[in-house]
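According to this note's numbering, the sequence shown is numbered sequentially starting from 29.
Watch out, some of these pointers could steer you wrong.
Claimed, not checked - Here are the simulated distance ranges between beta carbons:
1. Gly74 to Asp160: 28 to 36 angstroms
2. Glu81 to Asp60: 33 to 41 angstroms
3. Lys369 to Gly74: 49 to 57 angstroms
4. Asn69 to Pro255: 53 to 61 angstroms
5. Asp146 to Arg530: 53 to 61 angstroms
6. Thr303 to Ser41: 21 to 29 angstroms
7. His37 to Ala213: 28 to 36 angstroms
8. Val121 to Gln149: 21 to 29 angstroms
9. Ala105 to Ser244: 21 to 29 angstroms
10. Leu150 to Ala30: 40 to 48 angstroms
11. Pro176 to Ala213: 29 to 37 angstroms
12. Lys39 to Gly115: 27 to 35 angstroms
No lab work stands behind these hints: they were computed from the structure. Where a beta carbon is used, it is the ideal one built from N, C-alpha and C, also for glycine.
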Amino acid sequence: MAYSDQLEHKKSSVAQLLKKLTRNAKKACPADVTLPDWISNAKQIGGLSCKLEGILESPVIDGYRNKCEFSVGHSLAGKKTVGFMLGNFREGVTAVEEPVDCPNVSAMSCKYAMIFQDFLQLSCLPAWNRVDNSGFWRQFTVREGRSPAQAVVAQDTQTQISEVMIIIQVCSTGVDEVLMKDEFAKLSKTLVQGAATCSPPLPLTTIVVQDHVGISNVAPADCPLIPLLAPEVDQSEEGAVDKTRIHDHISNLRFSLSPTAFFQVNTLAAERLYTLAGDWANLNSDTLLFDVCCGTGTIGLTLAHRVGMVVGIEMNESAVVDAQRNALINGIKNCRFVCGKAEDVMGSLLTEYLGSPQQHIAASESNSEVNGTGKKEDIVGGAENNGKSTESLTEKNDSSEINEDLDDGVSKELEGGHEQCNEAVRNQNSEEASSLVNEESIDAKAADCSEHTKTREEGSSISKNDVLAATACQFKNFVAIVDPPRAGLHPTVIKVLRTHPRIRRLVYISCNPDTLVANAIELCTPSTEHREKNKGHRGWRNMSSAGLARQRTKSMPNSEPFVPKRAMAVDLFPHTSHCEMVMLFER
29 MAYSDQLEHK KSSVAQLLKK LTRNAKKACP ADVTLPDWIS NAKQIGGLSC KLEGILESPV
89 IDGYRNKCEF SVGHSLAGKK TVGFMLGNFR EGVTAVEEPV DCPNVSAMSC KYAMIFQDFL
149 QLSCLPAWNR VDNSGFWRQF TVREGRSPAQ AVVAQDTQTQ ISEVMIIIQV CSTGVDEVLM
209 KDEFAKLSKT LVQGAATCSP PLPLTTIVVQ DHVGISNVAP ADCPLIPLLA PEVDQSEEGA
269 VDKTRIHDHI SNLRFSLSPT AFFQVNTLAA ERLYTLAGDW ANLNSDTLLF DVCCGTGTIG
329 LTLAHRVGMV VGIEMNESAV VDAQRNALIN GIKNCRFVCG KAEDVMGSLL TEYLGSPQQH
389 IAASESNSEV NGTGKKEDIV GGAENNGKST ESLTEKNDSS EINEDLDDGV SKELEGGHEQ
449 CNEAVRNQNS EEASSLVNEE SIDAKAADCS EHTKTREEGS SISKNDVLAA TACQFKNFVA
509 IVDPPRAGLH PTVIKVLRTH PRIRRLVYIS CNPDTLVANA IELCTPSTEH REKNKGHRGW
569 RNMSSAGLAR QRTKSMPNSE PFVPKRAMAV DLFPHTSHCE MVMLFER
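Generate coordinates for the entire structure from the input sequences, incorporating the hints supplied.
So, in structure tokens, the structure goes:
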């Protein structure tokens with residue numbers, strides 16, 4: 029299908045979802061409440077819940093994926109093969125064929141897949157058999173990274189790649205350890221020689237083995253990782269390298285990627301996506317940005333120079349460590365990353381920084397007194413950003429004063445402002461950080477931060493109202509950007525965002541527009557004083573996500589609803605049916 033036709037199809041799909049939001053919000057609206065204007069006026073724009081501003085196309089159409097996961101198995105002819113399954117396993121399809129005519133897969137990944145496939149023909153260990161869940165070699169992943177000078181729009185993506193990580197997933201059950209190590213040594217040598225003999229030679233930074241004994245190829249976060257020594261072409265032991273990371277760049281920031289770290293597979297399109305989200309969020313130096321489901325910190329870090337402070341929330345501990353590391357590498361100090369499920373920590377964090385509605389009045393009065401005396405105590409710290417680089421905020425008081433009032437429900441935190449973390453980059457210019465920071469030192473500092481939990485000062489006389497007053501002085505604009513997984517936001521997170529009056533703007537980035545619609549129903553449907561308690565719905569398992577959302581609106585606390593303002597489709601995945609969607613909500 030021509031790319032223009034792909035874009036039109038995806039744009040049309042998003043338009044249908046916006047109509048679905050209008051219909052479902054109208055159904056969910058309580059009978060004694062007047063329909064919101066955005067529902068009443070939807071007919072004027074074809075039933076859409078808000079204006080659809082088109083589709084943001086990918087700057088690279090072919091070979092754009094920086095991460096390709098190849099299955100290992102047997103072809104229809106019985107040959108050990110590295111590629112993709114021909115169909116759904118649930119339908120009895122187990123055959124794997126080579127990645128031919130796959131325009132979204134990079135040429136470099138395909139070359140490495142063929143090098144590995146040739147190795148398999150000589151290996152004494154078997155390929156994975158999905159029928160009886162047996163075998164050794166089961167998956168082959170290629171991750172690619174680009175340098176900033178090469179991160180430009182170009183269709184010849186292979187020339188842009190400067191670093192490559194190879195991840196081989198195996199199942200060691202019943203395999204002799206000596207034999208396994210011997211096979212790994214042979215594999216390492218084969219990959220290095222194969223990369224060197226290609227024309228032009230292929231970059232190879234690191235080789236990692238993932239030992240996974242489960243049935244599905246989806247390995248748990250704590251699955252053992254074994255780094256292999258990748259000798260240089262001269263095969264000398266002195267030339268061996270032992271790395272477990274590669275780097276990619278977004279918006280001139282350098283991101284360190286561990287083997288299992290999440291990173292958008294279309295780097296250049298992701299850069300456009302994050303810029304769009306920042307523009308719609310209306311960011312400025314008075315903004316406190318909540319980056320919900322922040323992953324490795326890509327969104328918050330790329331927007332850090334446009335705000336006063338970023339608070340990132342992520343449940344995956346290794347991703348938070350990566351986010352902390354990336355902040356240190358780039359000399360960014362106005363970011364704080366919290367490890368925990370958003371539904372567990374979001375309420376506490378909003379209370380910590382914004383206070384409860386009852387505390388706003390007291391904070392406002394305290395703020396007035398401060399302004400009247402001409403004195404202002406900087407509890408949070410300042411962030412002065414020049415136009416070219418991302419300057420930083422040292423949260424020396426944040427760690428000891430604001431965190432003192434953090435609710436006990438927050439169990440784990442990784443704080444970007446600790447002195448021990450900032451020490452690694454305190455004296456470095458942010459433009460030089462990516463090339464000068466010693467990464468071993470960064471590893472140690474990030475590890476120290478991951479071990480550090482809440483810091484409390486005994487006998488502090490600073491009250492919650494003082495904290496709120498100081499926060500009000502420092503930040504005038506409170507914005508949330510959410511980028512949840514395919515399942516969408518947890519109902520508790522939606523309720524917290526919906527019921528806190530100081531969150532006036534919300535940018536929702538969705539990889540699954542269907543769940544965005546469900547979440548938007550809860551965010552935007554008016555509520556009343558007379559809310560229903562959750563009741564057991566006998567057929568809830570058969571309900572659609574929108575139907576479940578309509579049911580949950582009945583128990584939503586009375587609060588000001590958000591209004592959908594604008595939406596845009598973003599094509600991060602050319603040659604597939606998948607499409608990202610960005611939506612702005614205000615109130």
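We went through each hint and held it up to the structure:
| no. | hint | verdict |
| --- | --- | --- |
| 1 | Gly74 to Asp160: 28 to 36 angstroms | violated, 53 angstroms |
| 2 | Glu81 to Asp60: 33 to 41 angstroms | holds, 34 angstroms |
| 3 | Lys369 to Gly74: 49 to 57 angstroms | violated, 38 angstroms |
| 4 | Asn69 to Pro255: 53 to 61 angstroms | holds, 58 angstroms |
| 5 | Asp146 to Arg530: 53 to 61 angstroms | holds, 60 angstroms |
| 6 | Thr303 to Ser41: 21 to 29 angstroms | holds, 23 angstroms |
| 7 | His37 to Ala213: 28 to 36 angstroms | violated, 49 angstroms |
| 8 | Val121 to Gln149: 21 to 29 angstroms | holds, 23 angstroms |
| 9 | Ala105 to Ser244: 21 to 29 angstroms | holds, 26 angstroms |
| 10 | Leu150 to Ala30: 40 to 48 angstroms | holds, 42 angstroms |
| 11 | Pro176 to Ala213: 29 to 37 angstroms | holds, 35 angstroms |
| 12 | Lys39 to Gly115: 27 to 35 angstroms | holds, 29 angstroms |
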